[in-house]
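K.L.:
Okay, here's what each chain looks like letter by letter:
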Amino acid sequence: EPEVTQTPSHQVTQMGQEVILRCVPISNHLYFYWYRQILGQKVEFLVSFYNNEISEKSEIFDDQFSVERPDGSNFTLKIRSTKLEDSAMYFCASTPRGTYGYTFGSGTRLTVV
Amino acid sequence: RKEVEQDPGPFNVPEGATVAFNCTYSNSASQSFFWYRQDCRKEPKLLMSVYSSGNEDGRFTAQLNRASQYISLLIRDSKLSDSATYLCVVNGEGDYKLSFGAGTTVTVRA
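Chains as they are written, first to last, in the numbering used here: chain A, 20 to 132; chain B, 76 to 185.
Quick caveat, the hints were computed from the structure, so don't treat them as lab data.
Fair warning: there could be bad hints in the mix.
[What the hints assert, rightly or not] 27 Å max Cα-Cα, derived DSSO-like pairs, lysine-lysine:
| # | chain 1 | residue 1 | chain 2 | residue 2 |
| --- | --- | --- | --- | --- |
| 1 | B | Lys154 | A | Lys76 |
| 2 | B | Lys154 | A | Lys61 |
| 3 | B | Lys154 | B | Lys120 |
| 4 | B | Lys77 | A | Lys76 |
| 5 | B | Lys154 | A | Lys102 |
| 6 | A | Lys97 | B | Lys154 |
| 7 | B | Lys120 | B | Lys77 |
| 8 | A | Lys97 | A | Lys61 |
| 9 | B | Lys77 | A | Lys61 |
| 10 | A | Lys97 | A | Lys76 |
| 11 | B | Lys117 | A | Lys102 |
| 12 | A | Lys61 | A | Lys102 |
Values in this document were obtained by computation on a predicted structure and should not be read as measured data.
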């Protein structure tokens, strides 16, 4: 079964440092997403990406965040200057279309110290 | 008002029991409804989509009430492996983003 792959599985970084979380979506999917889940809280939408541009973003996704699809396979989330409150599980997801067929990656646990 | 609200539980049931729980959503324009399952510190996995007429998948039955804006999930003949957090999910105000509830925890005991 096709998978969404995320690396690394766990990243520890110092406050103020930049981090890049990487995702390889399913190859024939067209829509890509990042969600996050702070420990003990609900899964929250960050951003959606289609046709090489952001199609929607939440208020969490401020100027410190950016996304890129640098080549035909990778989809990255960059946090420019991490804060303690960025500590969370970050899930990448992709869909062929719409809200059906969502496949989530296994997540990157980001710990900011 | 939260977009999606769920009873957090926990629901602690013996094997073989039936357990049911609901969620409510605030956006009357929501079009797509799902139940996802999340195991501890893992990614959400789709359990089932929820259709207007209600639908069943093995031991799982989902119902949608658009008038009252609630969705339900019923698990029959609970197994130990059903222990998980069940996430109520609806499509949000944008086209394709999902809005998650905080989850209902179910623990099935032997």
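K.L.:
Which hints, by number, does the structure contradict?
P.N.:
1, 5, 6
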